[in-house]
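Please put together the full structure from these sequences, using the hints given.
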Amino acid sequence: MQRVPLVDYLVLDDEPHLVAAECTGCGARYFDRRSACASCGELDFRSADVPTEGELTTFTIVQFAAEGVEVPFVAGVVDCGGTSVKGNVVNTPPDPEHVTLGMRVRLTTVPVGTDAAGTEAVGYGFEPVP
Amino acid sequence: MAENVWILGISMTRFGKHRDKDTLDLGSEAAIGAMRDAGVGIGDIGVLAAGNLIGGNGFGQLLQKQIGQTGIPVYNVANACATGATALRVVVMAIKSGEVDTGMAVGVEKLSGAGLLTGNARREEGGHWVRDGRYGAVAPLDGRIGTETMPGVFAQIGMEYAHRYGGADFELFARISEKNHAHSTLNPMAAYQKRLTLDEIMNDVMIAYPNTRPMCSANCDGAAAAVLVSETKLRTLSLEQQRRAVKISASVLTSDPWTDGCQVLPDINTLTRRAAATAYEQAGVGPGDLDLVELHDCFATAELVHYDNLGLCEPGGAVDFFRSGAPWRDGSTPVNVSGGLQSKGHPVSATGIANVWEVATHLRGEAGDRQIEGARVGLAHVIGLGSACGVHVLEKAAA
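The listed protein sequences derive, respectively, from chains A and B. For what it's worth, my numbering labels the leading residue of the first sequence as 1, then goes sequentially. For what it's worth, my numbering labels the leading residue of the second sequence as 131, then goes sequentially.
Derived from the structure by calculation, the hints contain no laboratory data. Certain hints may be false.
Unchecked claim - With the Cβ distance kept under 10 Å, some of the chain B side facing chain A (calculated, not the full set): (1) Gly263; (2) Ile275; (3) Gly288; (4) Ala338; (5) Trp388.
Built from N, CA and C at the ideal position, the CB exists for glycine as well.
This is the structure we're talking about:
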C-alpha cells in the first residue's frame, strides 16, 4: 500500500525519523518551511536528522478540543538531543499516573487514515521507553 | 527629553454577558465614560487607537460614528490578547512624539459563548491526501501533533516551569485559581464573583490538564478606554484633574525574540522578562516597589510563570513566592486583586486597558471594598500569543 507522511518532516523509511531544516549559519532548527533563519537571518538550510529518543519536558492532557478531534490525548514537547519536538504521547493511558514530566520517550508512527486512492497517511507520536 | 504621559480619564464596562449591547454600544460606553472621567470632550481628542478582534475591520471609524467624527487619525490595532495594551501604547507614542497632547485608546470584545478559542473543527475527510501549508501537512495537525487550543498551550507552559524548577503540581495551580476567585468577590466589575473552594476547582470539568474550567479565563463581553494627556497639557488643567491623574511611568511593548523552544511551544517568558526589565528601568522602580500587579492570568498555569517573568520573585522561585502568600491581597505583592482573567473575565481587546484601569483605580484610592490601602505604584501586564507583551507601570500623582 502507498504511504504518505502526515508532514514533510517525517521520514517513513525502515527507521522512521524526523528531519529538521538546520540553518547553515547558526544551526537553529525548524520543522516548517522558512524564508530565512529566525535566529540569524541566514538564507540557507541543510537537512538534519533528529534523534528519535528524548525527554518529555512538558505535557498537557487535552480533554476539550475542537469538534472532530478525538479526546483525551496527551500533547507535549520532547527534547530530542537538544532539538525541541512537538508531539503527542501515545501507547500509554492518557493520565498523570502514566505520563510524567521528564519521562523517556521514543518516536513511533501512528496511522492517520486512508484516502479514496487507498493511500495511507502516517503520522508520528512518542511512546514511553520501557 | 520626551514628554511624560498621564492617564487623565479611564473607564471600563462591567465584564460579563451584555446581551442587549453590541460591540459599538460597549465601545461607546467605555469611550464616553473615559472622556467624562477625564473632563474632556471628543473635540479635545487628537488621536484614537482602537482595538477589536472579532467585530471586523474598521472598528475605530465605526466607533467614531457613535462618539464623534472629528477627522482625527484613527489607528485600528490588532495584537491578540495584547491589543488593548497596544492601543494604549500607540497613544503614548503619539503624545511622546509631540504630535498631539491628548489621545484616547479603546478596546472592546464581544466573546460571551465563544467557547474554545483556536483549534479548528475538522472538516469531513476523504478524497485524496494533498500536502498543504508550511509543514506540507496532508491532514489537520491539531490533536495529531500536539494541541492548538489555548488551555492546552498554556497548560504546557506552566508544566514546563514545573519540570524546570519542581514544586508545582495540579493542586498548586488550582490554589492560584482559588486566590483569584476569592479576590473577585470584592470586584463588582467582574464577570464571576463566586468564591470557589480548592475541591470545587480541582473537581470541576477538566479542560486541559492541569487546567480545569475555573482555571481558564472566562470568555465574556466588555470594553475599556483611557484618555491620555501630555504632562504639559495636564499642568493647564484643573487641580482636581491633576490630583486624579495617574502617571504612566513606563509603557513597553515587546515581541518574542528567537529562542529554540519557541519554535514548537510559544515562549511567553523571554519577551515578558525583557518587557519587565525595560519597564523597571524606564520607571526607575523595582519589583519591590510595586503595591499591586495585574498580570495576564489567562490560565492558572500562566500566572505562576509570570511571577518569575516580572521579577516578583527570585529566578525559579515562583512556587515559593506563591506558597508564602505574597500574591494574596493581604500579601507583600498583591497580584490580580481584580479577580484576574479567571473570574473578572477576558474580553480580549479590552483586557490590556481594563487591567490598567484596575491599577489606576487603586492608585486614585477609588477601588472601594477591594482598595489596596496606600497604593502608589502598580504594574499591568498582558500577553498576546504569537507573541506580544505589554507592560505598563503606573504611579499615583504627587499630592
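Tested hints:
This hint holds: Gly263 (chain B) has a C-beta 8 Å from the nearest C-beta of chain A, less than the 10 Å allowed. Hint on Ile275 (chain B) holds. Least Cβ distance to chain A is approximately 6 Å, under the 10 Å limit. The beta carbon of Gly288 (chain B) comes within 8 Å of a beta carbon in chain A, closer than 10 Å, and the hint placing it at the interface holds. Because the beta carbon of Ala338 (chain B) sits about 5 Å from the nearest beta carbon in chain A, less than 10 Å, this interface hint is met.
Interface hint status for Trp388 (chain B): upheld, as the beta-carbon distance to the closest one in chain A is roughly 4 Å, under 10 Å.
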